[in-house]
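There are 2 protein chains.
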Amino acid sequence: MPELRQNFFTKEWVIIATERAKRPEELATHRVVQPIPEFVESCPFCPGNESKTPPEVLRYPANSNPWAVRVIPNKFAALSSELQPTRSLQHLRRRIEGFGFHEVIIDSPDHSRYMGLLSDAHVASILRVYRERYNALSLDHRVNHITIFKNHGADAGASLAHPHSQLIATPVIPSQVRHRLFEALRHYDDAGECMFCHMVEREVEDQTRVVLKSERFVAMEVFASATPFATHIFPLRHMASFGDISEMEVVDLARVLRTLLAKIYVGLENPDLNFTVRSGPAEYAAARHFHWYVSVIPRLTRVAGFELGSGMFINSVLPEAAAEYLRKVAVEKVAGAAMGQ
Amino acid sequence: MPELRQNFFTKEWVIIATERAKRPEELATHRVVQPIPEFVESCPFCPGNESKTPPEVLRYPANSNPWAVRVIPNKFAALSSELQPTRSLQHLRRRIEGFGFHEVIIDSPDHSRYMGLLSDAHVASILRVYRERYNALSLDHRVNHITIFKNHGADAGASLAHPHSQLIATPVIPSQVRHRLFEALRHYDDAGECMFCHMVEREVEDQTRVVLKSERFVAMEVFASATPFATHIFPLRHMASFGDISEMEVVDLARVLRTLLAKIYVGLENPDLNFTVRSGPAEYAAARHFHWYVSVIPRLTRVAGFELGSGMFINSVLPEAAAEYLRKVAVEKVAGAAMGQ
Numbered sequence: 001m002p003e004l005r006q007n008f009f010t011k012e013w014v015i016i017a018t019e020r021a022k023r024p025e026e027l028a029t030h031r032v033v034q035p036i037p038e039f040v041e042s043c044p045f046c047p048g049n050e051s052k053t054p055p056e057v058l059r060y061p062a063n064s065n066p067w068a069v070r071v072i073p074n075k076f077a078a079l080s081s082e083l084q085p086t087r088s089l090q091h092l093r094r095r096i097e098g099f100g101f102h103e104v105i106i107d108s109p110d111h112s113r114y115m116g117l118l119s120d121a122h123v124a125s126i127l128r129v130y131r132e133r134y135n136a137l138s139l140d141h142r143v144n145h146i147t148i149f150k151n152h153g154a155d156a157g158a159s160l161a162h163p164h165s166q167l168i169a170t171p172v173i174p175s176q177v178r179h180r181l182f183e184a185l186r187h188y189d190d191a192g193e194c195m196f197c198h199m200v201e202r203e204v205e206d207q208t209r210v211v212l213k214s215e216r217f218v219a220m221e222v223f224a225s226a227t228p229f230a231t232h233i234f235p236l237r238h239m240a241s242f243g244d245i246s247e248m249e250v251v252d253l254a255r256v257l258r259t260l261l262a263k264i265y266v267g268l269e270n271p272d273l274n275f276t277v278r279s280g281p282a283e284y285a286a287a288r289h290f291h292w293y294v295s296v297i298p299r300l301t302r303v304a305g306f307e308l309g310s311g312m313f314i315n316s317v318l319p320e321a322a323a324e325y326l327r328k329v330a331v332e333k334v335a336g337a338a339m340g341q
Numbered sequence: 001m002p003e004l005r006q007n008f009f010t011k012e013w014v015i016i017a018t019e020r021a022k023r024p025e026e027l028a029t030h031r032v033v034q035p036i037p038e039f040v041e042s043c044p045f046c047p048g049n050e051s052k053t054p055p056e057v058l059r060y061p062a063n064s065n066p067w068a069v070r071v072i073p074n075k076f077a078a079l080s081s082e083l084q085p086t087r088s089l090q091h092l093r094r095r096i097e098g099f100g101f102h103e104v105i106i107d108s109p110d111h112s113r114y115m116g117l118l119s120d121a122h123v124a125s126i127l128r129v130y131r132e133r134y135n136a137l138s139l140d141h142r143v144n145h146i147t148i149f150k151n152h153g154a155d156a157g158a159s160l161a162h163p164h165s166q167l168i169a170t171p172v173i174p175s176q177v178r179h180r181l182f183e184a185l186r187h188y189d190d191a192g193e194c195m196f197c198h199m200v201e202r203e204v205e206d207q208t209r210v211v212l213k214s215e216r217f218v219a220m221e222v223f224a225s226a227t228p229f230a231t232h233i234f235p236l237r238h239m240a241s242f243g244d245i246s247e248m249e250v251v252d253l254a255r256v257l258r259t260l261l262a263k264i265y266v267g268l269e270n271p272d273l274n275f276t277v278r279s280g281p282a283e284y285a286a287a288r289h290f291h292w293y294v295s296v297i298p299r300l301t302r303v304a305g306f307e308l309g310s311g312m313f314i315n316s317v318l319p320e321a322a323a324e325y326l327r328k329v330a331v332e333k334v335a336g337a338a339m340g341q
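Just so you know, the sequences run in chain order A and B. Numbered continuously in the numbering used here, the first sequence closes out at residue 341. Numbered continuously in the numbering used here, the second sequence closes out at residue 341.
Don't read these hints as lab results, they were simulated from the structure. Wrong hints could be hidden among the right ones.
Treat identical chains as interchangeable: a pair holds within one or across any two.
[What the hints assert, rightly or not] Quick list of in silico lysine-lysine cross-link-like pairs, DSSO-like style, CA-CA up to 27 Å: (1) K328 - K52; (2) K22 - K75; (3) K328 - K75; (4) K333 - K75; (5) K213 - K75; (6) K52 - K22; (7) K11 - K213; (8) K52 - K75; (9) K52 - K11; (10) K22 - K11.
Predicted model, so just to flag it, every value in this text is computed and none were measured.
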């Protein structure tokens with residue numbers, strides 16, 4: 001029987017379409033694995049080609065050679081830090097000059113190594129770089145919101161194959177983020193608690209949608225998931241801003257994120273995928289009503305006219321079935337292949 | 001210089017990324033046109049195969065043979081009219097049984113004839129069928145909102161090649177629609193006018209984003225367009241619900257919609273595409289603050305991690321350049337090829 005489920009955070013309804021239900025394994029890509037070389041001479045992100053990128057923002061570890069992680073400005077930046085966020089209004093048409101930061105985080109020197117196949121220690125280094133850039137850019141008073149994200153594969157919007165992440169700092173808080181902050185605040189005022197903390201606690205009790213849990217994080221399928229296998233990783237400690245993640249939490253999140261990515265890689269046969277750090281804006285760092293998380297979205301289906309016309313999604317995979325499937329995927333082998341070990 | 005623009009209806013900001021700017025013609029698909037047969041024996045939507053579909057809901061003209069347009073229930077319906085919209089709540093997790101209607105409108109008997117290549121008169125028949133089903137289903141008190149949409153091409157979510165449209169009636173008003181109603185109401189309370197009427201008037205004066213205008217409708221590029229060539233068709237008369245479209249307006253809209261689809265077909269070389277009728281819910285038919293429109297969205301780009309993580313979009317085509325490009329595309333030839341003439 002089909003059902004509608006309401007997303008707890010956005011209040012959007014999603015149709016879980018059991019009449020078109022797919023078993024999780026039916027969504028595997030059945031992609032032929034093409035061997036990828038570790039080094040590609042023409043790749044601007046490969047070691048030795050550092051001069052082909054715009055001047056480096058950060059190298060990790062500092063002054064290291066070879067480096068583990070590099071941050072550079074995006075050569076085709078969507079926003080420019082040379083501009084000022086000057087606003088104008090003409091007949092109710094509002095504009096802001098395109099001020100902002102658009103950076104690329106090169107995950108590792110290895111051209112072939114998807115994040116799910118790196119070592120936990122290396123993923124921790126990437127997360128440290130995320131945090132460092134997040135906190136540095138948050139100090140700029142013109143910045144209102146920062147989105148950290150990864151595009152893996154052409155269908156997920158990646159234009160270069162060398163594994164990398166990106167960061168865009170905007171002079172506005174997106175309307176969608178405002179809307180979530182508002183719903184979260186309303187729950188806080190009604191119930192006197194962070195709705196994310198509440199939901200995480202119930203889901204951990206319930207178990208059915210949990211994929212994996214560590215001391216400090218839990219990865220779980222979303223109750224009203226808009227798309228198949230959309231997975232959230234929540235810190236168990238209340239924290240509104242990603243910038244406040246502790247060193248112990250970085251190490252723990254690295255293991256959970258890397259394991260989840262490896263499970264998706266193995267279980268769904270390397271689908272194109274996005275993930276994003278959904279953090280409250282830095283000015284809300286102390287907020288009791290908001291909670292950051294990582295949202296991992298395999299790109300297994302297409303958005304069609306109904307979704308574009310209503311904002312509602314039709315999902316053909318039960319989140320509980322997706323969780324059960326991912327729990328069972330063994331990733332010891334791919335984890336053992338991690339670089340530098 | 002890149003800039004941010006605010007969508008007047010949703011208040012969402014969009015990045016118009018001029019550093020990655022594309023000339024409109026660069027987005028043409030350069031697709032090799034494969035000749036499509038008018039009749040395919042195995043196609044359930046082709047004439048003679050009527051018994052292969054679920055029992056017909058409507059035939060237009062009534063009792064005609066051959067028919068011009070047919071409506072059938074979707075064989076793989078996302079929602080079921082056999083269920084009741086019973087609500088349940090468990091630990092703040094809300095569900096509704098999957099009640100609803102999911103219908104398919106077969107555009108014409110011709111397997112090969114994309115809507116932009118039909119005659120204006122035939123498109124008017126399709127619009128009459130949309131209106132008839134919209135108004136019939138609006139009478140069901142369990143229905144809260146109706147979305148009419150078209151998926152053209154696999155990237156736009158079409159699973160059958162025979163041109164068809166769809167309609168989904170849901171037992172809830174989508175949160176996204178609620179949000180737009182709220183913003184529109186706020187403008188009405190502030191300014192004492194429908195914000196859509198206001199905006200349409202300014203855009204018609206301004207001309208730069210107008211693609212074509214008739215006596216009763218205007219097709220124009222969106223000032224803060226999230227994706228390249230997203231085009232809205234607005235009725236010039238204030239009307240909150242599509243169900244209230246008059247016979248004269250049906251005839252006029254048919255010509256504007258068909259011409260726009262033909263311009264996109266020729267100018268962008270038959271891209272995959274969605275369109276959707278964005279109507280206020282039937283209960284708001286008398287509302288002074290809302291205004292229905294048709295949203296046409298060519299699927300020329302991919303949504304990536306930034307969009308998924310923030311709700312903000314990066315658009316690399318200036319809406320003014322897209323409008324100028326579409327204005328110049330001549331479609332007399334494809335219009336002359338319309339069926340039944």
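| request: Go through the numbered hints given earlier and state which of them the structure violates, listing their numbers in rising order. | output: Of the numbered hints, 1, 3, 4, 5 and 9 do not hold.
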